[in-house]
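**Q** One line per chain: the protein sequences are F and X, in this order.
The first sequence maps to residues 1 to 116 in the working numbering.
The second sequence maps to residues 1001 to 1110 in the working numbering.
Heads up, a few of these hints could be off.
Unchecked claim - Per the computed footprint, the stretches of chain F lying under chain X, defined by three or more beta-carbons under 8 Å from a beta-carbon of chain X, are:
| hint | stretch |
| --- | --- |
| 1 | 41 to 50 |
| 2 | 105 to 112 |
Said to hold, decoys possible - Negatives, chain X to chain F, calculated, CB over 10 Å:
| hint | residue |
| --- | --- |
| 3 | Glu1017 |
| 4 | Thr1028 |
| 5 | Gly1085 |
| 6 | Ile1109 |
Simulated from the structure, these hints should not be mistaken for lab results.
Using N, Cα and C, we set each Cβ at its ideal position, and we do this for glycine too.
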Amino acid sequence: GAVVSQHPSWVICKSGTSVKIECRSLDFQATTMFWYRQFPKQSLMLMATSNEGSKATYEQGVEKDKFLINHASLTLSTLTVTSAHPEDSSFYICSASPGRVSTEAFFGQGTRLTVV
Amino acid sequence: GQQVMQIPQYQHVQEGEDFTTYCNSSTTLSNIQWYKQRPGGHPVFLIQLVKSGEVKKQKRLTFQFGEAKKNSSLHITATQTTDVGTYFCAGDFGNEKLTFGTGTRLTIIP
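Modelling step: build the complete structure from the supplied sequences, incorporating the hints.
**A** Structure (structure tokens):
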């Protein structure tokens, strides 16, 4: 199957700093990627849809100025958590599909962010 | 809003017993997908159902999509320790994105 790589797999940062997470589709091009957030033992909550060459589409309640998304190429989307605070600590995970977005989604390994 | 609920939230079964998780949507779905997430891992695609009343099988796993395309189920026959994990359904409401269900965490008692 297709491969989506996410980096870093975990990160610890100080409160007030920014953290960038990368999501790459290794063997296919993805005009659309998705960013999710998952709290322990909970479901995946869609944060935003990353669109190559255009602005991301954020879900209701997600602050676009806090969670900056850049999708500059067909194989790379980045999520930057700006001015991170302890409540931003979570598991962030991206996904992409080789075909239409409503088909099988391939997920990155996820990034566990801890803000201290 | 568009929601996808799953029951049960947790299921503990003896190895060899069957397991079923149910998924219900507030509105009609374009399609539904099922994913498995192992502890500490990421979701892995299992199957996609598109047609009303569709039934698909993968070895010990049987997936069903309701006639009204608002509910779905995953049934595992004779569970094994490798089946441990959280099973999520994910619905597409025709808006080209997935809404994940609340998930069912399966644990196996050897």
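**Q** State for each hint whether it applies.
**A** Here's how the hints hold up against the structure:
1. 41 to 50: holds (count 7)
2. 105 to 112: holds (count 6)
3. Glu1017: The claim holds: Glu1017 (chain X) sits with its nearest Cβ about 23 Å from chain F, beyond 10 Å.
4. Thr1028: holds, 14 Å
5. Gly1085: holds, 12 Å
6. Ile1109: Given that every Cβ of chain F is farther than 10 Å from that of Ile1109 (chain X), nearest at about 19 Å, it holds.
Of the hints listed earlier, there is not a single one the structure fails to meet.
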